[in-house]
Amino acid sequence: MVHGEAWTIKEFFCYPNEYIYWTIQIVMYPFMTGLVAGAFVLSSLYHVFGVKQLKEIARFSLVFSFALLPVAMLPLMLHLQQPQRGIEVMMTPHFTSAIAAFGIVFTTYALIVASEIWFVYRAYFVETATALGGKRERALWERILYLIYRILIMGAWDISHEAREKDEKAVKIVAATGIPVACFLHGYAGFIFGSVKANALWMTPLMPVIFICSAVVSGIALCIVTYTVTMELQKMISARKRQQKPWLPSTDELKSAEVLVVTMTSKYLLMFLVLAITLEILDLVFRGYTALKSWDILRSVIYDKDFFKIFVLQYGCGNAIPFVLLLLPRLSLKRVVFSSLLVLMGVFMMRWNVVIGGQAFSSSFAGFMEYRLPVWPGSMELFKEGLFGALLVAITPFVLFFGLTRILPVFNLKDSP
Amino acid sequence: MIDRRDFCKKALLIAGGMAIPLSALELFDPKRLQAEKSDPSPTRWAFLVDTYKCVGCGFCVKACKIENEIPYDANVTRTWVERYIVARDGKTYIDSPKGARDGFTSPKIDQGVEPPAEVRNEDIEKAFFVPKLCNQCDNPPCVQVCPVGATYQTPDGVVLVDRSWCIGCGYCIMGCPYGVRFFHPVYHVAEKCNFCYHRISKGMKSACVDACPFGARRIGNLKDPNDPVTRVIMTERVGVLKEEYGTKPQVFYVGLSREVK
Amino acid sequence: MKSHVWRPLYIVVGVVALVLLARTILVPEDFGIGERGYMYGWHRKGNEADWKAVKVKYKTMDFCKECHQDKYNDLRHSPHAAIQCENCHGPALGHPDDPPTLTIDRHRDLCIRCHARLPYNGSGRGAIRGINPETHHPEAECVLCHYPHNPKLEAKR
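As given, the protein sequences belong to chains A, B and C, one line each in that order.
Reminder that position 52 of the first sequence reads as 52 in the working numbering, one-by-one numbering, no gaps.
To convert, count from 1 in the second sequence and add 417; that's the working numbering.
To convert, count from 1 in the third sequence and add 678; that's the working numbering.
Calculated from the structure, these hints are not laboratory results.
Incorrect hints may appear among the rest.
Claimed, not checked - Here are the simulated PhoX-like pairs of lysine-lysine, each with C-alpha atoms no more than 20 angstroms apart in a straight line: (1) A/Lys52 to A/Lys267; (2) C/Lys730 to B/Lys619; (3) A/Lys197 to B/Lys665; (4) C/Lys737 to B/Lys619; (5) B/Lys619 to C/Lys723; (6) B/Lys525 to B/Lys543; (7) A/Lys197 to B/Lys659; (8) B/Lys622 to C/Lys743.
Claimed, not checked - Derived, one-sided and incomplete: chain A residues facing chain C with beta-carbon distance under 7 angstroms: (9) Phe49; (10) Met91; (11) Thr92; (12) His94; (13) Thr96; (14) Leu111; (15) Ser115; (16) Ala156; (17) Ile159; (18) Lys166; (19) Ala170; (20) Ile173.
Virtual Cβ for every residue (Gly too), placed ideally from N, Cα, C.
Sequences and hints are given; from them, build the entire structure.
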């Protein structure tokens, strides 16, 4: 069977070779890179612009952003027909293609995030390693940890006041260079779509900007959700521990700190949300007003075929409702989390409506194609480009995040930058 | 302290100063000038389709699939034939069942919807067939977007795909406004019409041209002014598909109609 | 400049060196910018030869007539003169060295490609004599009555 045939339903006249070639994984890809970029921007708000209220969430989102990084690449590998050749993007890059920049931008970005984490955590590494080194007998687990930390320290054992000041300065610089790179990483994902002149829905110079804004929105939203969930877990654990160790912070103390951080963060969420919606609406209005040749078919896709997905799920549930919820007085933790979840869904639907919606009509402008998401993974192809492949991509960052926090704890580190 | 006036002046100067060497690069790129002077290739393949002559027999599609080893029953094809029927009520019906591999043998219009549409003979305002194939554009957007250099244009104008280098991202498929590209069902890399490069480089004609009994398909060398195909393209009224994309397609059509997509 | 701050930079340099090293190993030697420049000509030169080496399957009428002069003569003076032998008989491929590679197709599907009547005046199809394949002896092969190499001599069969 031809690639794409299993999930494409054609209606009226489509060219014979047309199928939905870019499927759920290409929806996941900008969604995941968006989360990466968003989480990083959130952490930079503290590290670069010194928004003190975000201190707690900043370290958290930095590590989370790092956990998300490999997952931005995963959907691409699952999507490629020849994944084993993916490295060629670095070997013979063809820079007239937007995708060619991926290898370089992605690596640069990964290195920036990694070195920022290194600067943030170096003091902790040294302290922990010294503590472990001082121990007489070490369990196997501790021995492994000791080894890992020693490698991570890279011989920089100096944690004098001056050295740590240098760290702090370096964090600031690295985070500052990271912001444009994060925006570039994601803006260029938008460029991949926006520059396809053969696709009437995708081709708009606004695409990269729209992508960056919605990326920041989704990144912040996910950080809020994950942060709250981990904090809740922390509370449960500490409540149990406090029975033996009463000097630990009480549940109420944790709670008040949490609410402050989350409501503060939600303000930034709101800000970027307004920007994202404005740009998307502008794009829509502009297309309708200029009404080029493609508008007839675009209109029938936007207002008819995909009406539910675009206006109900994306704009309604994903944008309008959380917008109102976040603006209503007496903001509670539950409401912020609920709104954030809606926002995440909304951004996902936006990616869906761009990627799948852009292929919902034939480039003959005389026919439609419908994407039926493969659910049961009957073959490798159906797994990769179906529901379970997408779930795999969605779950991986949390697993990675859990693993990372074994080495890079994100809570209760009082005196690191 | 720098005042605003000064700042504007300096900014303009710097921007202007930076623009000059850049524009010079564009204007006096010696490689490009050289290339334009001494044309490296004596050949530029072009295609001519006469839609008046096409009867929709689909022998071209059959020959193409076999010649180029595209699995015969796979629903993809390097070339295909479209049928256009404009009814008296102004509605246009278009179809290309299996890319017209088996020709058009029924008045029923296969558009993937049940029941198939059918226009009564007396209600047909006009009806005709349009063969399609890769346009081997002068500005091929599919080549521009390939991230690894797996697809490229030869000096004689044919766009090829390197099957050992293609990563299968599908960007070229998305980038083609004509829908000529697809994934090869066996090799799982991008695939497209290449004017039967193995035939034309041996002095033969492409398989579809040879298979066409009606002379609806012809291939020629645009750089040879005496080539009969070039003569037609130069002296008669020919059209191309989707000119607005700026791709400069090199498949020319006689008898195009505004309904043709 | 002796400061621990530069250590991540060593890693960066290492990564760049690794990529450059991998490039020298993995990139084929003939990969480069072709005649059409970097935008349209960035490719592995050897691939052009790969494509030229594809096997020719359809060898055209000139090849068939070398042995089948009689059939060729029949066909040449008939309204079917423009139809290639291989359109109906399949590509020559390994024929005549390897006879089974030649498929002989007598199916009526071949004939109705042109002769199913479709009155399309905008194309040559409207001028071709045609039948309705659903009512015109639907169970029979056309070659039972019609001689495809020269349909004018209908009596020959």
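Pairwise hint evaluation, C/Lys723 against B/Lys619, where the allowed Cα distance is 20 angstroms at most: 18 angstroms, holds
Hint consistency between B/Lys622 and C/Lys743 [alpha-carbon to alpha-carbon, up to 20 angstroms]: Holds, because 18 angstroms separates the two Cα atoms, which is no more than 20 angstroms.
Hint validity - A/Ile173 Cβ closer than 7 angstroms to any chain C Cβ: 9 angstroms, violated
20 angstroms limit on alpha-carbon distance, applied to hinted pair A/Lys52 and A/Lys267: 14 angstroms, holds
Given pair status - B/Lys665, A/Lys197, alpha carbons within 20 angstroms: Between A/Lys197 and B/Lys665 the Cα gap is close to 14 angstroms, so the pair holds against 20 angstroms.
Closest C-beta approach of A/Met91 to chain C relative to 7 angstroms, hint status: 5 angstroms, holds
Interface hint status, A/Leu111 versus chain C (Cβ within 7 angstroms): 5 angstroms, holds
Per-residue hint verdict: A/Thr92, partner chain C, C-beta under 7 angstroms: 6 angstroms, holds
Interface restraint verdict for A/Ala156 against chain C (beta-carbon cut-off 7 angstroms): 3 angstroms, holds
Hinted contact A/Ile159 with chain C - closest CB pair below 7 angstroms: 10 angstroms, violated
Per-residue hint verdict: A/Phe49, partner chain C, C-beta under 7 angstroms: 22 angstroms, violated
Given hint B/Lys543 paired with B/Lys525 - CA-CA distance at most 20 angstroms: Roughly 16 angstroms between the alpha carbons, so the hint for B/Lys525 and B/Lys543 holds.
Of the numbered hints stated above, those contradicted by the structure are hints 9, 17, 20, listed in ascending order.
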